[in-house]
Amino acid sequence: MSRVDDQEFHDFVARRMERWRRSAYLMCQDWHTADDLVSIAVAKIYRHWREVRQADNPEAYAQRILTRTWLSERRRPWRRERAAELLPDQPARAPDGVADRDSFAALLRTLGPRQRAVLILRFYFDFSTEQTAEILQVTVGTVKSQTARGLAALRLDTQILHG
Amino acid sequence: MTQQHFEELTADPPPSTVDVPGIVRREKRRRTFVRIATPAAAVLAVASAIAVFAPGGAPAPVPSAVAEPSSAGTAAVASAPGFRLVANNKAAAAASAATLRSALDDAVHKVAPGATWLKQGLTKEATPDGQPPRIFGDDLRRPTDQMFSGTTGISLDGKRGTLSLNIISINPCTGGKLAKCPASHASPAKRRETMTKGLFACQPAPEKCAATTGVDGRRQRVQTSLSLNGFVSQETTIELADGRALMLTVDNQFIAPDATDVTDDVAQSTTPLSPAQVTAAATAIGDQILP
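Residue numbers (our numbering), protein chains in the order written: chain R, 1 to 163; chain E, 1 to 291.
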């Protein structure tokens, strides 16, 4: 990598670092793990910097690397969610609104990793259905169905969705 | 649900522990020397292939036959009488490369009889399944400046990865196509010193590394490199009798030829060949290369 490429890489990473950390945190809900995921993704982006910078949408390409890092890291033994004898306390019913931050975090944790990723990409990053499908390497139909199921799991209706 | 809900959830992030300069340093170290010739090798593929298969091409003037190694097992491979790696012209380069390729094939199968070669990567020049890597050589005047390089996939006991063989000149500024001259304006002596240190001295932790000197005074380094995303590389570098270095590397990265996601390329947590196997194969090849 030339010095110019190197500088370009550092600028690219610096501009997006906080956003990547936040999206990683939303996926894993732990800041230490989030920083681990971002570190791994940054290393991958560095390795594939030519592909990233030549991509039609480098932003989406980098987000794809981060999201897939999260999905594949979850398969590793030391990252796996562990079975517990007792389930953690659950709210009796989900709140009608999502005003409460802790409740929202708890609800998000109840989703599967892909559903969580779909909702984060769609509603936090504002990626289109097509872009989300490209990032997750799934079909548009899968994104739509995962979005619907994710929202249903959160017991949110379209009224809440739109504000 | 709005973007604001997500923003609120991440409202108070702790200070970042992502060490971008450290990541870049590790990745650069990983790349250094191991992949020194890989990008140029792709460019050379067509030229060298023409040299290998050209009708009426001059027979190889230098290499002699590679003898059959005599013992099986992973600890050691018997040395063969030897051959010279010379690439004064394209025909000699092709012949030397072919001999080196054959020696690599023999050595790897001697230390790991079940190993199979795999087509790897997305380039048109990728070596087909079942064939050892094509080796490409520089055609420079001074034999000790001539470099050789080859890379392909390897599989053993269900583990996949990439094997790279590089013959590296201690003079990094040979002007050859496989050479990589640093941007600094250091003196030739300083450049040689830097290159020698980079090849035979151990890097700081967390790399596992042992730098030794053989009974014949030649240096050797056996190193395990790790990277954040599960990448592992076993690398053995041996000083050759003619002053050049032979570096044999096996890692756990594998990009299938039909891969759609080149970023998810760590095949499993360990490399197909162990450090002892990599070292045994490297030693077996290195011992055959005459000054």
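Wrong hints could be hidden among the right ones.
Said to hold, decoys possible - DMTMM-like, lysine to aspartate or glutamate: derived pairs with alpha carbons at most 20 Å apart:
1. E/K119 - E/D105
2. E/K28 - R/E134
3. E/K28 - R/D6
4. E/K28 - R/D11
5. E/K28 - R/D5
6. E/K28 - R/D30
The hints are simulated quantities; they were obtained by calculation from the structure and are not laboratory data. Model, not experiment: these values are computed from the prediction.
Report task. With a cut-off of 20 Å on the C-alpha distance, tell me whether E/K28 and R/D30 pass. Result -> violated, 29 Å
Report task. Take the C-alpha atoms of E/K28 and R/E134, compute the straight-line distance between them, and say whether it is at most 20 Å. Result -> violated, 30 Å
Requested in this report: Please work out if E/K28 and R/D11 have their alpha carbons no farther apart than 20 Å.
Outcome: Measuring from Cα to Cα gives roughly 18 Å; hence the hint holds.
Query raised in the report: Has the given pair, E/K28 with R/D6, been kept, meaning a C-alpha gap of at most 20 Å?
Result: holds, 11 Å
Query raised in the report: Does E/K119 pair with E/D105 here, judged by a C-alpha cut-off of 20 Å?
Result: holds, 15 Å
Report task. Below or equal to 20 Å on CA atoms is what counts here, so check E/K28 against R/D5. Result -> holds, 13 Å
Hints 2 and 6, counting from the list given before, are not met by this structure.
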